[in-house]
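Asks: Residue strings, one per chain:
There are 2 protein chains.
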Amino acid sequence: MLERYLPILQWLRVYNRSTFTSDLVAALIVTIMLIPQSLAYALLAGLPAEVGLYASILPLVAYAIFGTSRTLAVGPVAVVSLMTAAAVGNLALQGTAEYLAAATALAFISGGILILMGLMRLGILANFLSHPVISGFITASGIIIAASQLKHILGVDASGHNLLDILLALGSKLNQINLPTLVIGVTATAFLFWVRKQLKPMLINFGMGERLADIVAKAGPVLAVVATTVATWGLSLDEQGVKVVGTVPTGLPGLHLPSFDADLWQQLFVSALLISVVGFVESVSVAQTLAAKRRQRISPDQELIGLGASNVASAASGGFPVTGGFSRSVVNFDAGAETPAAGAFTAVGIAIATLVLTPLIFFLPKATLAATIIVAVLSLVDLSALKRTWDYSRSDFAAMLATIVLTLVEGVELGIIAGVGLSVLLYLYRTSKPHSAIVGRVPGTQHFRNVDRFDVETCKRVLTLRVDESLYFANARYLEDRIYDLVAKQPELEHLVLMCPAVNLIDASALESLEAINQRLQDSGVRFHLSEVKGPVMDKLKLTHFLDELTGEVFLSQYDAWQTLSKAEQAKTVAAIR
Amino acid sequence: MLERYLPILQWLRVYNRSTFTSDLVAALIVTIMLIPQSLAYALLAGLPAEVGLYASILPLVAYAIFGTSRTLAVGPVAVVSLMTAAAVGNLALQGTAEYLAAATALAFISGGILILMGLMRLGILANFLSHPVISGFITASGIIIAASQLKHILGVDASGHNLLDILLALGSKLNQINLPTLVIGVTATAFLFWVRKQLKPMLINFGMGERLADIVAKAGPVLAVVATTVATWGLSLDEQGVKVVGTVPTGLPGLHLPSFDADLWQQLFVSALLISVVGFVESVSVAQTLAAKRRQRISPDQELIGLGASNVASAASGGFPVTGGFSRSVVNFDAGAETPAAGAFTAVGIAIATLVLTPLIFFLPKATLAATIIVAVLSLVDLSALKRTWDYSRSDFAAMLATIVLTLVEGVELGIIAGVGLSVLLYLYRTSKPHSAIVGRVPGTQHFRNVDRFDVETCKRVLTLRVDESLYFANARYLEDRIYDLVAKQPELEHLVLMCPAVNLIDASALESLEAINQRLQDSGVRFHLSEVKGPVMDKLKLTHFLDELTGEVFLSQYDAWQTLSKAEQAKTVAAIR
Numbered sequence: 001m002l003e004r005y006l007p008i009l010q011w012l013r014v015y016n017r018s019t020f021t022s023d024l025v026a027a028l029i030v031t032i033m034l035i036p037q038s039l040a041y042a043l044l045a046g047l048p049a050e051v052g053l054y055a056s057i058l059p060l061v062a063y064a065i066f067g068t069s070r071t072l073a074v075g076p077v078a079v080v081s082l083m084t085a086a087a088v089g090n091l092a093l094q095g096t097a098e099y100l101a102a103a104t105a106l107a108f109i110s111g112g113i114l115i116l117m118g119l120m121r122l123g124i125l126a127n128f129l130s131h132p133v134i135s136g137f138i139t140a141s142g143i144i145i146a147a148s149q150l151k152h153i154l155g156v157d158a159s160g161h162n163l164l165d166i167l168l169a170l171g172s173k174l175n176q177i178n179l180p181t182l183v184i185g186v187t188a189t190a191f192l193f194w195v196r197k198q199l200k201p202m203l204i205n206f207g208m209g210e211r212l213a214d215i216v217a218k219a220g221p222v223l224a225v226v227a228t229t230v231a232t233w234g235l236s237l238d239e240q241g242v243k244v245v246g247t248v249p250t251g252l253p254g255l256h257l258p259s260f261d262a263d264l265w266q267q268l269f270v271s272a273l274l275i276s277v278v279g280f281v282e283s284v285s286v287a288q289t290l291a292a293k294r295r296q297r298i299s300p301d302q303e304l305i306g307l308g309a310s311n312v313a314s315a316a317s318g319g320f321p322v323t324g325g326f327s328r329s330v331v332n333f334d335a336g337a338e339t340p341a342a343g344a345f346t347a348v349g350i351a352i353a354t355l356v357l358t359p360l361i362f363f364l365p366k367a368t369l370a371a372t373i374i375v376a377v378l379s380l381v382d383l384s385a386l387k388r389t390w391d392y393s394r395s396d397f398a399a400m401l402a403t404i405v406l407t408l409v410e411g412v413e414l415g416i417i418a419g420v421g422l423s424v425l426l427y428l429y430r431t432s433k434p435h436s437a438i439v440g441r442v443p444g445t446q447h448f449r450n451v452d453r454f455d456v457e458t459c460k461r462v463l464t465l466r467v468d469e470s471l472y473f474a475n476a477r478y479l480e481d482r483i484y485d486l487v488a489k490q491p492e493l494e495h496l497v498l499m500c501p502a503v504n505l506i507d508a509s510a511l512e513s514l515e516a517i518n519q520r521l522q523d524s525g526v527r528f529h530l531s532e533v534k535g536p537v538m539d540k541l542k543l544t545h546f547l548d549e550l551t552g553e554v555f556l557s558q559y560d561a562w563q564t565l566s567k568a569e570q571a572k573t574v575a576a577i578r
Numbered sequence: 001m002l003e004r005y006l007p008i009l010q011w012l013r014v015y016n017r018s019t020f021t022s023d024l025v026a027a028l029i030v031t032i033m034l035i036p037q038s039l040a041y042a043l044l045a046g047l048p049a050e051v052g053l054y055a056s057i058l059p060l061v062a063y064a065i066f067g068t069s070r071t072l073a074v075g076p077v078a079v080v081s082l083m084t085a086a087a088v089g090n091l092a093l094q095g096t097a098e099y100l101a102a103a104t105a106l107a108f109i110s111g112g113i114l115i116l117m118g119l120m121r122l123g124i125l126a127n128f129l130s131h132p133v134i135s136g137f138i139t140a141s142g143i144i145i146a147a148s149q150l151k152h153i154l155g156v157d158a159s160g161h162n163l164l165d166i167l168l169a170l171g172s173k174l175n176q177i178n179l180p181t182l183v184i185g186v187t188a189t190a191f192l193f194w195v196r197k198q199l200k201p202m203l204i205n206f207g208m209g210e211r212l213a214d215i216v217a218k219a220g221p222v223l224a225v226v227a228t229t230v231a232t233w234g235l236s237l238d239e240q241g242v243k244v245v246g247t248v249p250t251g252l253p254g255l256h257l258p259s260f261d262a263d264l265w266q267q268l269f270v271s272a273l274l275i276s277v278v279g280f281v282e283s284v285s286v287a288q289t290l291a292a293k294r295r296q297r298i299s300p301d302q303e304l305i306g307l308g309a310s311n312v313a314s315a316a317s318g319g320f321p322v323t324g325g326f327s328r329s330v331v332n333f334d335a336g337a338e339t340p341a342a343g344a345f346t347a348v349g350i351a352i353a354t355l356v357l358t359p360l361i362f363f364l365p366k367a368t369l370a371a372t373i374i375v376a377v378l379s380l381v382d383l384s385a386l387k388r389t390w391d392y393s394r395s396d397f398a399a400m401l402a403t404i405v406l407t408l409v410e411g412v413e414l415g416i417i418a419g420v421g422l423s424v425l426l427y428l429y430r431t432s433k434p435h436s437a438i439v440g441r442v443p444g445t446q447h448f449r450n451v452d453r454f455d456v457e458t459c460k461r462v463l464t465l466r467v468d469e470s471l472y473f474a475n476a477r478y479l480e481d482r483i484y485d486l487v488a489k490q491p492e493l494e495h496l497v498l499m500c501p502a503v504n505l506i507d508a509s510a511l512e513s514l515e516a517i518n519q520r521l522q523d524s525g526v527r528f529h530l531s532e533v534k535g536p537v538m539d540k541l542k543l544t545h546f547l548d549e550l551t552g553e554v555f556l557s558q559y560d561a562w563q564t565l566s567k568a569e570q571a572k573t574v575a576a577i578r
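One line per chain: the protein sequences are A and B, in this order.
Residue 1 is where the first sequence starts when you use the UniProt record's numbering, and the numbers rise one by one after that.
Residue 1 is where the second sequence starts when you use the UniProt record's numbering, and the numbers rise one by one after that.
All the pointers check out, no bait thrown in.
Dumping the calculated BS3-like pairs for lysine-lysine here, alpha-carbon to alpha-carbon at most 27 Å:
| no. | chain 1 | residue 1 | chain 2 | residue 2 |
| --- | --- | --- | --- | --- |
| 1 | A | 460 | A | 433 |
| 2 | A | 387 | B | 540 |
| 3 | A | 293 | B | 460 |
| 4 | B | 567 | B | 460 |
| 5 | B | 540 | A | 433 |
| 6 | B | 387 | A | 534 |
| 7 | B | 433 | A | 293 |
| 8 | B | 387 | A | 542 |
| 9 | A | 293 | A | 197 |
| 10 | B | 460 | B | 489 |
| 11 | A | 200 | A | 293 |
| 12 | A | 387 | A | 197 |
| 13 | B | 542 | A | 387 |
| 14 | A | 542 | B | 433 |
| 15 | B | 433 | A | 540 |
| 16 | B | 433 | B | 387 |
| 17 | A | 387 | A | 433 |
| 18 | B | 433 | A | 433 |
| 19 | B | 293 | A | 433 |
| 20 | A | 293 | B | 489 |
| 21 | A | 433 | B | 542 |
| 22 | A | 460 | B | 293 |
| 23 | A | 534 | B | 534 |
| 24 | A | 567 | A | 460 |
| 25 | A | 460 | A | 489 |
| 26 | B | 433 | A | 534 |
| 27 | A | 534 | A | 433 |
| 28 | A | 387 | B | 534 |
| 29 | A | 540 | B | 387 |
No wet-lab data here; the hints were simulated from the structure.
Bound conformation, chain A alone:
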């Protein structure tokens, strides 16, 4: 029991020197990678750079205690940082104490929601984010993030939470471009793209091992940071208008509780819920991918608690919302991390950086950080998924397109809410006209097939309708309409059989519909039968009066139904002839 809620107890017991060494090496590599990322994502969220470092210390320790993935690396990530900026940007001005307080409160509320969902085992709620919606959302977020960073590359002031606002703001400032900033920004971006695409194959060509080449290539941003910082310091570019990170307070963050302002909490609640769910879905899918490679298991419900604890820890140490990040988790995995201790060691690394390195990043240009963000997020943009989804399913495509368009045009929150709403509606719509077929007997067999597709035996006084979907409120009335239509068209009809081999559920609405069908068919002189009802569905029906009132019978197999009803029919015909 205790081990379930404290996964650290499972791996700490078997911890030894070998795992310690592996974890330490991985932690060192992840630390180097995480420093520029955490600074950059803090700026993306509209926060001072040091807040990114703060969000990369305690949250990692909390996850190491409560998380179930051996290799997930938590911290600030792009999409969640964008969502933070959108949520907090509505309430306070960037740079104010209120803005920081709101971001911290957001992390706290989000952490609380995640822990609560974990305790109530509601990880399942994340399922309402369908894949096309999350994929469309990440693509659109990537585009917005990249666009929002252009201002740092160009060296102008411009902001907005949707694509149009951002582009308009940029457009109006094009005459204020700062040339040295532009040179740094474009060079850094080009360099990082080159590192991402070309460096690894080149290193391998030079005889470096593939894994090492991969890790070196992932450290590209560090090189860009060092080079541009030195250049800015050496050439005093900050005096020529290049914006730099500037003074970052040295020292660890203090611990304090976030603001408990009821108004603020209410305003942030929906945003926190969205951030929680999006962050959880991203994180759990990374964790599952990595766990499967080593045949390990993660527990989604405990992951909620782990991520929740991380966010609470982030809030307590002056940070902002965090979650498991894709690229850094892959680096952690590839670098050989074996337990969550690697995360705790990374936290120590970042803490040392906070104590020692902050004076060194005074001259780090914001343009460089923007370049690292742009290169990272453009890899998230996957417009080809639109084509793939279109080919497979039009309604999934519609949900995806709506998510992308609304996220770009109206912002992240409306985009994801509309996407979720639409995918639910489309699913209900899709099942509201279920596939159904009138079936007849394949001559000489016990099989029954669609009369439109096969040459089968039917009987004009007996009609069998097979429905290939669970019966529930969204399609209950459709079933009624379909049956009344059939009966109205076939005046000789005496028996209607509903064949239910694919009916996994009959809810209360569908039960009412079946009762209405039974009643109305009785009024029209038609008996209503069921066949091939599944065990669990039948158990439910037995609790009601429906079976007592049913004018017909429930047949175990459609063949039984056919034999009983068509024999009665033959007997009647014979009697009539005599």
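Chain B: place on chain A using the hints.
Replies: Just chain B, lined up with the frame of chain A:
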């Protein structure tokens, strides 16, 4: 084509003297019943009494032209009138010109929505109102309506849109009760209850035919109206504080377009949408019940157009939202109406009443109208449905209870929205953990059954999981979790077969999950197979790369899978022994 959109063309062609006589008799009876109802429901909606009459003329003619039910009687109904009061009450004060204008605009917008839904064949949208939600909503509305009429019985001023407000307002006015009003109100209510419960059996005892007895009993309200009006006039009770209908303008309503105020339309849109859907669901279920009794058909999509035209007609003639009413349609049917012409004749009857009778209702006490409303709506209240639904399905019960409680506490609009939202969420939740079973072979047969329930053959290197639900976004991740769990628990596993006989759909999210499962099982050295995939599902999968990437095979039957995989297994074992 023309006949589809103008159903009148179908029946007018075969119209003759016999149908004319039947329709005329039915119309006469319905007219007598409709007069007090339309006055009462106008008061319930917070409107002047004559507006009820106006809403019972042109709308009936419009329905006769565009509707598909032969016997549906449209006009003001209780629940829609309550919803009108709730919607308009937020925007204007009762008794003002703005209030009337808003009610008329509401009918117009609602009519437009219904016509649009009909043209787009979106009758299916009404399906999102599950039966427990609509039944709970009507029960709660009945309670609110009855409570809201108590002020007329007590002769005090008090109002509110939810039960608590109404009861508190009444409570604070108990010292202002008007005794003559109370006497009239209680007597009328008691009389009407007696009529409803006792009169019909008594008349039958006296030798009256059942159908006639039923119709006479349904005319009870008319008797109460006449008696209390005469008493009020004779005893000058209006001078003792009994509130009467008072001066009602004589003459037909003028035709005019409703207000096209964009702000007003925006404020009324959601209310109009809810009224449209609720009205449609009530009406179409009455129409279907009656049509089935004569083996007739109605077309739900054309019904939308018919009801939409009625509401537009109501708006154009100064009325408020209308729909098909249950009790008056049953009376119309029982009285022998054969075509929608009966409705048109009823319209003529009401028009004559508007021209001639209005001076006679000056002394009609509002308490009498309140009594007719109370007796009518209390028959809608069905708390026993709560028990029945609880017995059948806990999640349907939860949706129903939430609808009732929220409607009573927060009002009609929030009640129905929450009910719909909750029933959708609960459905998704219910299918998000689908029933699934590990299956094995029943020895000596080709059948495969749940290993937990049957004594079946299994093989530790081959595992077969049968899932009894369509695979879509709400359960895709659950499937992943379940499979990773199974694989992590069984280290010898080499083959995993997913058996899909009950999978009616695989959406894009589930496809991604299957791809992830395939990939991750490959990483763990397990081949992934499918069996018994349905034709339409397989057709979809063939459009993707999934089948190319699948590490295993797709078997037509589970028996094929068993034979192929366990034979390979045996061969391997034999080879290993040699």
